[in-house]
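Taking the hints into account, I'd like the entire structure generated from these sequences.
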Amino acid sequence: MNEMTKLTAKDFATDQEVRWCPGCGDYAVLKAVQRTMPELGVRPENVVFVSGIGCSSRFPYYMETYGFHTIHGRAPTFATGIKLANPELDVWIITGDGDALSIGGNHTMHVLRRNLDCQILLFNNEIYGLTKGQYSPTSRVGTRSPSTPFGSVDRPASPCAFALGSGARFVARGIDVHKNLPEVLKAAHAHKGASFVEIYQNCVVYNDDIFAPFTAKENAGNQLWLKAGEPMLFANRSKGIALDRESLSLKVVDVDGGDWAAAGVIVHDPRNRSIAHMLVEMPFGAFPTALGVLYEDPAPTFESAVAEQNSKASAGKAPNLQALVGKGQSWEVTKEPHVI
Amino acid sequence: MASATHLVTPEEAHSDAPLEAVVVRFAGDSGDGMQLTGGQFTLSTALAGNDLATFPDFPAEIRAPQGTTFGISAFQINFGSSAIETAGDAPDVLIAMNPAALRVNVAALKPGGLIIADVGEFGARNLAKAGYATNPLEDGSLAKWQLIPFNISQLTLDAVKPFGLGNKEALRCKNMWTLGLALWMFDRDKAPIEEWVRTKFAKAPELAEANIAALRAGHAYGETAEIGGQIPQRHLDPAPAEPGLYRTVTGAEAISIGLVAGAQLAGLPMFFGGYPITPASAILHHLSRLKEYGVTTFQAEDEIAAIGSAIGASFAGSLGVTSSSGPGIALKAEAMGLAIMTELPLVIINSQRGGPSTGLPTKTEQSDLYQAVYGRNGDAPMPVIAARSPADAFDCAIEACRIATQFMTPVMLLTDGYIANAAEPWKVPDMTDYQPFPVHFHDEAPAEGKAVNPYARDEKLARVWIKPGTPGLTHRIGGIEKNAATGHIDYAPANHQAMTDVRANKVLNVRSSIPDQEVTLGEEGGRLVVVGWGSTFGPIHQAVRRARARGLDVSHVHLRHIWPMPRNLGDLLKSYDRIIVPEMNTGQLKTVLRDQYLVDAKPVTKVSGQPFKIAEIEAAIEDALA
Ligand SMILES: Cc1ncc(C[n+]2csc(CCOP(=O)(O)OP(=O)(O)O)c2C)c(N)n1
Ligand code: SF4
Ligand SMILES: [Mg+2]
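Line by line, the protein sequences give chains A and B.
Residue 283 in our numbering sits at position 283 of the first sequence; the count goes up by one each step and never skips.
Position in the second sequence (first residue = 1) + 1000 = our numbering.
In case anyone wonders, no lab produced these hints; they're calculated from the structure.
A portion of the hints provided could be inaccurate.
[What the hints assert, rightly or not] Lysine-lysine pairs mimicking BS3-like chemistry, simulated, CA-CA at most 30 angstroms apart: (1) Lys1291/B - Lys192/A; (2) Lys317/A - Lys1467/B; (3) Lys327/A - Lys1467/B.
[As the list claims (entries may be wrong)] Which residues of chain A face chain B? A few of them, derived with a C-beta cut under 10 angstroms, are: (4) Val50; (5) Lys312; (6) Lys327.
[Stated by the list, open to error] Pairwise CB distance ranges, derived in the manner of DEER restraints: (7) Gln1497/B - Lys10/A: 33 to 39 angstroms; (8) Asp209/A - Gln1497/B: 42 to 48 angstroms; (9) Gln1497/B - Pro300/A: 46 to 52 angstroms; (10) Gly165/A - Leu1036/B: 42 to 48 angstroms; (11) Ser102/A - Gly1244/B: 53 to 59 angstroms; (12) Gln322/A - Gly1449/B: 46 to 52 angstroms.
On a predicted model such as this, the values are computed, not experimentally measured, just so you know.
Where is the CB? At the ideal position from N, CA and C, for every residue including glycine.
Below, the structure is given as structure tokens:
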């Protein structure tokens, strides 16, 4: 492939047979990613997909880029080493709700806090797909599964709230089959630093339609798509999100005749961290689901800080192995050895 | 000389235990600065040309309550005019800074040995804390030793008075006073130590001057008539050593610079991922200062992240290195399996400590051999090598880098708390003597219509190493079994059999790149061989030497390569009538030797957290020959 050829989605697809269940949301995400890649202006050889373990983590095998299918929950650790060793590489982490928030919660927190420049796509299906349907840390209370036949009793974690709490500088949400997913992916890629994207992914086998209350076509009115500088409107712009100044919380308001300003609807400022916290915590039902880029406020990346310190610390020092081994207080023995 | 480069001369081998050797133990509260005193005394010993070996013995608690027995920190040094290979069995001199230090250490002192005690600390409170009902300095209970009590605390306060320090700060100079006295006792030059004090306290010149005043006062105390010649002064001639430049080195330092050298010989940048743990942290600390050698260090969130990042860096074309101790090594096991499966180079250093679980974090043990050789799920073979001494750790680190990069495999380097912390003189190697082993990254895209096979192998069975960023060679690797010919996922029975075999055979092929096992001391064949590995080298070597001097038919074989073992080892072991294997565990190498060679290897074990004494191994030799 030479620089001139315009790449297509096909150039990013391997010849491997894709092995997800028919109808799985993972297919849609794969297509969206393959379609987005040519638009990012990246060369396949400079891209690395790193995953943990789970249905979703099979993803790298289907991308004609470099790929590393690692161990359960630890993808961020491998990605960190890859990016520190070669900051030029474009690193994508593919993970599941169990992978990222159960066994790998610790690493997810630290890769976000450090702000490693990478894209993290968390396929949230609220279930352990690969191990045949046990409930996961994002499953709602009462989820019946092989390991919780009477329903789960523990409260779920919210991936985006977790990401924000960990210090993420880019937090977004998308839906597997939604046409907006490529836009969200592009924004994630454009952001320098750790970009956290929660993708609502339908597991047709173990948790079918769990997100239908807002993903189904007829429920599209429950989607709040956020755009920087635009009012937070949903349900065909008939409703909006306003700030209740008394309680310092969000509220849903009706918008009459398009006059959102009069209704107090707020304009989305992705840099507003406080609002971002409220957006990710909005309880579904009373509120719509916030989607798109919820929060973005770039900060220096981990690998650039490391590289900068490395070069500062080495400045003016010529590496000399012989000098290194002889360092410290040394002494010369001149006499020939005598026999004792 | 307790260095890797030292060859025992026949005279040495047949001579008796070196007469001109002294063992000194400094013991005090963990806040008393005993490790610092010991370290500086070591330096002055090295500068005087004596051979030496040290044994720092730390308390597990950082700041245990003052004056208690479990807060005692000790530093033992053995030095002399001939080869020294252990930190010494029993001290000749004990310097006890308080009653607890005396109580914990006095039993080890040789009969007739010298006790120097700081009377100033032997008040009722401290005596009670140490569990003494009466003052041992006065009640005659120390009669079998030579006791020289005097008030080091008061003498120090007097010496530093002109500098106007507070009482607490002034008393902190006690260790320098003691060091000064020790320097006088062994006829040493104060100047290098004074120079060191000035650099150490460069930011606080008055503290530097106070410490130097204390040092000089201690020295002068020995010299003047004040103590009426009570304290003996001894001069030890320099030990014979090959001419050349020498320095002292601890195992942690030797490993760190060995890794840097290894990466450079491979022509690679190095990536080190670590998570703090005693006694492995020192390697992370050392390497984090060596950035100009292409070293990137990363303090990860845990040991799993440490090894994960190192494997990721290796995937991206650096030499990944990670280091820990038993509990952390346990956490890394799953990722080691991934490195074995994906056939990426990686160096894993295990600074062993007493286990299981948290065990004895500050004490030494060799009980992770099974973990290193066998401790992973699946058939997961990995080369394992072990350093015998601080200086040997340098060559072992280079060897680990060589095997990892030449065979595309993780390699475990075993060391232990003793090696990590102990210092010994080291003849500075000439780096041009080391053969480079440059890595070649595969960068030729396959012909049109042909697919990339990341598992294509060379004659050693090492797979190709392809760096992300290389055009035309995009490929995917992972922990799932892969087809031998295509690198694609493949669970077929015959393929798994073939891949399992190839992984095992590749590791066995390391044997053709290592030398045959030598007899370290003695000869091939005979009545008895003592087989050792790791830091038991010193005591085994000395014990065998002494036994041979007494005419016993015994030889010493010391292994560096624990897995795979040298090709000739089986025949070599079978050339002796009997085999004993001293180890600081319950018999782990013994089991492997029995398994590999069907030989009747007998264990000699010790798991007290303390290194073997020469005498203990001598006794085992006598038993075995009886
Ligand atoms: C150390 C370890 N523990 C457990 C497993 C088994 N396991 C594989 S995937 C998985 C959960 C996957 O769930 P999720 O991350 O949500 O991915 P999904 O399959 O839903 O895409 C588990 C428990 C494993 N592979 N490794
Ligand atoms: S189990 Fe669910 S998540 Fe996994 S492939 Fe099937 S549908 Fe997709
Ligand atoms: Mg899941």
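Between Asp209/A and Gln1497/B, does the C-beta distance stay in 42 to 48 angstroms? Once the Cβ atoms are compared, 43 angstroms apart, the range 42 to 48 angstroms for Gln1497/B and Asp209/A holds.
Does Lys312/A pass the interface hint, meaning its C-beta sits closer than 10 angstroms to a C-beta of chain B? Because about 9 angstroms separates Lys312/A from the closest Cβ in chain B, which is inside the 10 angstroms limit, the hint holds.
Supplied contact hint for Val50/A, tested at 10 angstroms Cβ to chain B: holds (7 angstroms)
Supplied distance hint 53 to 59 angstroms, evaluated on CB atoms of Ser102/A and Gly1244/B: The hint (53 to 59 angstroms, Cβ to Cβ) holds, given that Ser102/A and Gly1244/B are roughly 57 angstroms apart.
Between Gly165/A and Leu1036/B, does the beta-carbon spacing fit 42 to 48 angstroms? Given about 43 angstroms between the Cβ atoms, the range holds.
Are the Cα positions of Lys1291/B and Lys192/A separated by 30 angstroms at most? Measuring from Cα to Cα gives roughly 25 angstroms; hence the hint holds.
Does Lys1467/B sit within 30 angstroms of Lys327/A, going by the straight-line distance between their CA atoms? Measuring from Cα to Cα gives roughly 34 angstroms; hence the hint is violated.
For the range 46 to 52 angstroms, tell me whether the beta carbons of Gln1497/B and Pro300/A fit it or not. Hint holds: Cβ distance 50 angstroms, inside 46 to 52 angstroms.
Interface hint compliance - Lys327/A to chain B, C-beta minimum distance less than 10 angstroms: holds (7 angstroms)
I want to verify a distance hint. Is the separation of the beta carbons of Gln1497/B and Lys10/A within 33 to 39 angstroms? At 36 angstroms between Cβs, range holds.
Assess, step by step, whether the Cα of Lys317/A is no farther than 30 angstroms from the Cα of Lys1467/B, and give holds or violated. holds (28 angstroms)
Does the Cβ-Cβ separation between Gln322/A and Gly1449/B fall within 46 to 52 angstroms? holds (50 angstroms)
When held up to the earlier numbered hints, the structure conflicts with hint 3 and nothing else.
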